[in-house]
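**Q** Using the sequences provided together with the hints, build the complete structure.
Line by line, the protein sequences give chains A and B. Numbering-wise, the numbering used here puts 123 at position 123 of the first sequence, and it's gapless, one number per residue. Numbering-wise, the numbering used here puts 37 at position 37 of the second sequence, and it's gapless, one number per residue.
Hints listed in this document are in silico derivations from the structure and should not be mistaken for laboratory results. It is possible that some hints are incorrect.
[Said to hold, decoys possible] Label-pair distances were calculated between CB atoms; the ranges are:
| # | chain 1 | residue 1 | chain 2 | residue 2 | range |
| --- | --- | --- | --- | --- | --- |
| 1 | B | Pro-44 | A | Ala-30 | 39 to 49 Å |
| 2 | B | Pro-44 | A | Arg-48 | 50 to 60 Å |
| 3 | B | Glu-12 | A | Pro-34 | 48 to 58 Å |
| 4 | A | Pro-45 | B | Pro-44 | 30 to 40 Å |
| 5 | B | Pro-82 | A | Thr-38 | 43 to 53 Å |
| 6 | B | Ser-98 | A | Glu-67 | 56 to 66 Å |
| 7 | A | Gly-69 | B | Ile-11 | 52 to 62 Å |
Since the structure is predicted, the reported quantities are computational estimates derived from the model, not experimental observations. Using N, Cα and C, we set each Cβ at its ideal position, and we do this for glycine too.
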Amino acid sequence: MPRPDPEKVAEAVFAALAEPSRRGILSALAVRGPATATDLASQLPITRQAITKHLELLAAAGLVLAEPGERRRIRYRVNAAPMAMAQSYLAALARDWDGKLARLQRSLDATELNAPAPPSGATAPELNTPELNTPAPPSGVAAAEMEWRSK
Amino acid sequence: MPIPDRIERTIELAQPPERVWEALTSEAGLGGWFGHRATVDLRPGGTAYVEWDGKDSKVALTIVVVEPPTRFAWTWGIQGLPASDPRRTYVEFTLAPSGGGTRLTVVESGFAQLPDELLDTAYHGNTEGWRKELAELAGYLHAPA
Chain A
1 MPRPDPEKVA
11 EAVFAALAEP
21 SRRGILSALA
31 VRGPATATDL
41 ASQLPITRQA
51 ITKHLELLAA
61 AGLVLAEPGE
71 RRRIRYRVNA
81 APMAMAQSYL
91 AALARDWDGK
101 LARLQRSLDA
111 TELNAPAPPS
121 GATAPELNTP
131 ELNTPAPPSG
141 VAAAEMEWRS
151 K
Chain B
1 MPIPDRIERT
11 IELAQPPERV
21 WEALTSEAGL
31 GGWFGHRATV
41 DLRPGGTAYV
51 EWDGKDSKVA
61 LTIVVVEPPT
71 RFAWTWGIQG
81 LPASDPRRTY
91 VEFTLAPSGG
101 GTRLTVVESG
111 FAQLPDELLD
121 TAYHGNTEGW
131 RKELAELAGY
141 LHAPA
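**A** This is the structure in structure tokens:
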């Protein structure tokens with residue numbers, strides 16, 4: 001079988017979540033557990049017919065799994081795998097390397113200003129932050145420690 | 001809407017590679033700019049644990065490359081996914097001397113990996129199989145009683 005395309009998977013999740021009724025259905029299944037279209041119709045302000053249509057679409061996108069329920073009715077449950085795909089997409093946007101690297105730069109500049117040797121004319125932006133005021137260990141010690149650690 | 005699989009940043013730092021290396025790899029360093037506290041077992045295969053204030057769980061970085069002072073790499077989990085999710089992204093720092101300072105490049109890749117669950121037959125089976133089942137069911141429901 002062909003591998004699913006990650007982009008298609010994430011797209012299906014976002015398309016499903018863009019529609020309020022489908023969000024309602026997915027939320028109901030996530031919160032209350034597996035349910036039939038009839039169960040969902042009694043829980044949500046959506047007609048049973050509309051729910052059936054939405055469930056078909058959600059199942060086709062792999063967002064819900066259909067399984068045999070009581071009285072020949074199909075029961076649906078949330079399938080988390082595509083959500084995890086969408087989450088990893090969001091995680092890429094949320095990693096914030098810009099913020100982390102800016103903090104690295106500030107902390108390097110700050111420890112340099114706090115060090116006894118170099119003459120300081122400039123002022124670092126966030127010297128009040130306690131972590132930035134922690135002086136770095138002398139580099140010789142750090143190097144020795146590093147060497148020790150790598151053994 | 002392509003999934004960004006790879007994030008790349010380059011930053012020019014005033015400090016020489018040795019200083020930057022120390023900030024990237026030491027407990028004081030990783031616990032300073034990256035997290036709030038860190039323990040580091042600095043060797044390939046070693047683990048660094050990073051903690052943030054206000055977060056209960058530590059984040060574990062599995063160290064992959066330790067080549068002072070030029071290359072440092074780890075793998076770690078994807079934010080928002082359960083710890084049991086096997087997918088990890090790969091983070092690699094490259095340090096190059098640049099006019100007395102350092103050009104630091106960070107590349108994080110692997111966001112577009114598929115979770116195992118998406119590769120197993122249940123997923124495909126569901127997509128194809130139940131589409132048919134549903135069509136049959138719809139026929140059954142619409143048949144005159």
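**Q** It remains to establish, for every hint, whether it holds in the given structure.
**A** So, going through the hints one by one against the coordinates:
Range check, B:Pro-44 to A:Ala-30: about 40 Å between beta-carbon atoms, so the 39 to 49 Å window is met. Our hint of 50 to 60 Å for B:Pro-44 and A:Arg-48 holds, since their Cβ atoms are close to 58 Å apart. For the pair B:Glu-12 and A:Pro-34, the supplied restraint of 48 to 58 Å holds, since their beta-carbon distance comes to about 55 Å. The hinted window of 30 to 40 Å between A:Pro-45 and B:Pro-44 is violated, with their beta carbons roughly 57 Å apart.
At roughly 32 Å, the beta carbons of B:Pro-82 and A:Thr-38 sit outside the given window of 43 to 53 Å. A hinted range of 56 to 66 Å holds for the C-beta pair B:Ser-98 and A:Glu-67, which are about 59 Å apart. The hinted window of 52 to 62 Å between A:Gly-69 and B:Ile-11 holds, with their beta carbons roughly 56 Å apart.
Comparing the model with each earlier hint shows violations of hints 4 and 5; every other hint is respected.
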